[in-house]
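Given the coordinates of chain A, assemble chain B onto it according to the supplied hints.
There are 2 protein chains.
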Amino acid sequence: MMKLTISKAIEVLQQTPKTLHAFLYNLSDDWIFCDEGSETWNAYDIVGHLIHGEKTDWMQRLDIILKQGDNNTFEPFDRFAQFENSKGKSLHNLLGEFSELRSQNLEQLKALNITESQFSLKAIHPELGEVTLGQLLATWVTHDLGHIAQIARVMAKQYKQDVGPWEAYISILHK
Amino acid sequence: MMKLTISKAIEVLQQTPKTLHAFLYNLSDDWIFCDEGSETWNAYDIVGHLIHGEKTDWMQRLDIILKQGDNNTFEPFDRFAQFENSKGKSLHNLLGEFSELRSQNLEQLKALNITESQFSLKAIHPELGEVTLGQLLATWVTHDLGHIAQIARVMAKQYKQDVGPWEAYISILHK
Numbered sequence: 034m035m036k037l038t039i040s041k042a043i044e045v046l047q048q049t050p051k052t053l054h055a056f057l058y059n060l061s062d063d064w065i066f067c068d069e070g071s072e073t074w075n076a077y078d079i080v081g082h083l084i085h086g087e088k089t090d091w092m093q094r095l096d097i098i099l100k101q102g103d104n105n106t107f108e109p110f111d112r113f114a115q116f117e118n119s120k121g122k123s124l125h126n127l128l129g130e131f132s133e134l135r136s137q138n139l140e141q142l143k144a145l146n147i148t149e150s151q152f153s154l155k156a157i158h159p160e161l162g163e164v165t166l167g168q169l170l171a172t173w174v175t176h177d178l179g180h181i182a183q184i185a186r187v188m189a190k191q192y193k194q195d196v197g198p199w200e201a202y203i204s205i206l207h208k
Numbered sequence: 034m035m036k037l038t039i040s041k042a043i044e045v046l047q048q049t050p051k052t053l054h055a056f057l058y059n060l061s062d063d064w065i066f067c068d069e070g071s072e073t074w075n076a077y078d079i080v081g082h083l084i085h086g087e088k089t090d091w092m093q094r095l096d097i098i099l100k101q102g103d104n105n106t107f108e109p110f111d112r113f114a115q116f117e118n119s120k121g122k123s124l125h126n127l128l129g130e131f132s133e134l135r136s137q138n139l140e141q142l143k144a145l146n147i148t149e150s151q152f153s154l155k156a157i158h159p160e161l162g163e164v165t166l167g168q169l170l171a172t173w174v175t176h177d178l179g180h181i182a183q184i185a186r187v188m189a190k191q192y193k194q195d196v197g198p199w200e201a202y203i204s205i206l207h208k
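Chains A and B, in that order, are what the protein sequence lines are. My numbering runs 33 ahead of the 1-based position in the first sequence. My numbering runs 33 ahead of the 1-based position in the second sequence.
Bound conformation, chain A alone (with noise of 0.2 Å):
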């Protein structure tokens, strides 16, 4: 296990716009709209929540939790805004604004110049109750990187029946 840092951590959520623009910029609408299954994601749909997480929730949270203020509960996260959000913009739209909004996002967090010794800050999650500071700021991390893994892994179902007896080998098939 690592440390939690802040420089550690802002090292991977600036990766994050740029892995997903290599990753889908030149892809095309097969790859880009497939999902796995009703109900479930497309990279497209990904693109949008990640945004919605930029424009609504990190930051935000982030500045209750640090102003320490009576009502310290966050507001709820929609998870289904990017549905009507993204409506009429292109991916590479979605790629271009989730790449602004982060990069705003990290000079503000850069600004805040923000101690380990605030991380036990506290404040109430609507659901999970009480929450801190240093959680908030994993959880961006991870859910950055759980979001690049489920891109690849919606991808890769495509081809569930197609590598045939290889399936046994490749295990991103059977999550």
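Don't read these hints as lab results, they were simulated from the structure. The reader is advised that the hints may include incorrect statements.
Unchecked claim - Computed from the model, here is a short list of chain B residues facing chain A with C-beta under 10 Å:
no.	residue
1	Leu-37
2	Ile-39
3	Pro-50
4	Ile-97
5	Ala-114
6	Asn-118
7	Glu-160
8	Gly-162
9	Leu-178
10	His-180
11	Gln-194
12	Ala-201
Note that beta-carbon positions come from the ideal geometry of N, C-alpha and C, so glycine has one too.
Positioned in the frame of chain A, the structure of chain B alone reads:
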């Protein structure tokens, strides 16, 4: 499920070196060399493993299938070759090497002008028995995607404790 085609497969095979570069190039050693415990791989090991596949696996096996000779059994693939072959090389070296090898292999693949009627050509895998050209191609693609997801998972797990109650929402931490 998408239909397997050479052109759609190449789209994915082309993005992998760029995606890994964007993902890993600016990360510090803590991220590159972290793993999931004993006998598990870190990002550095995985890039070395992908290089060994470019050198000894995918195109070599494709050639064996296309030749349809008397001895059409694949050489076993060495899943541990990277531990020797990567010695003394930086991750940046490895990313460059992978990118170059992949690029050469895709040039060769395109030059073969494989048609879908050839997808059913067969050879013998030393453990799995009879496999087809189409299955090999689909496996090359899903193998890349599986390792992208693996790197994301290995990194995410470093913060498994740090996310606190959010662990319930981040399914990659349970894989």
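Against the structure, the hints:
| no. | hint | in the structure |
| --- | --- | --- |
| 1 | Leu-37 | 5 Å, holds |
| 2 | Ile-39 | 12 Å, violated |
| 3 | Pro-50 | 9 Å, holds |
| 4 | Ile-97 | 15 Å, violated |
| 5 | Ala-114 | 16 Å, violated |
| 6 | Asn-118 | 21 Å, violated |
| 7 | Glu-160 | 9 Å, holds |
| 8 | Gly-162 | 7 Å, holds |
| 9 | Leu-178 | 4 Å, holds |
| 10 | His-180 | 8 Å, holds |
| 11 | Gln-194 | 6 Å, holds |
| 12 | Ala-201 | 7 Å, holds |
Checked against the numbered hints listed earlier, the structure breaks hints 2, 4, 5, 6; every other hint is satisfied.
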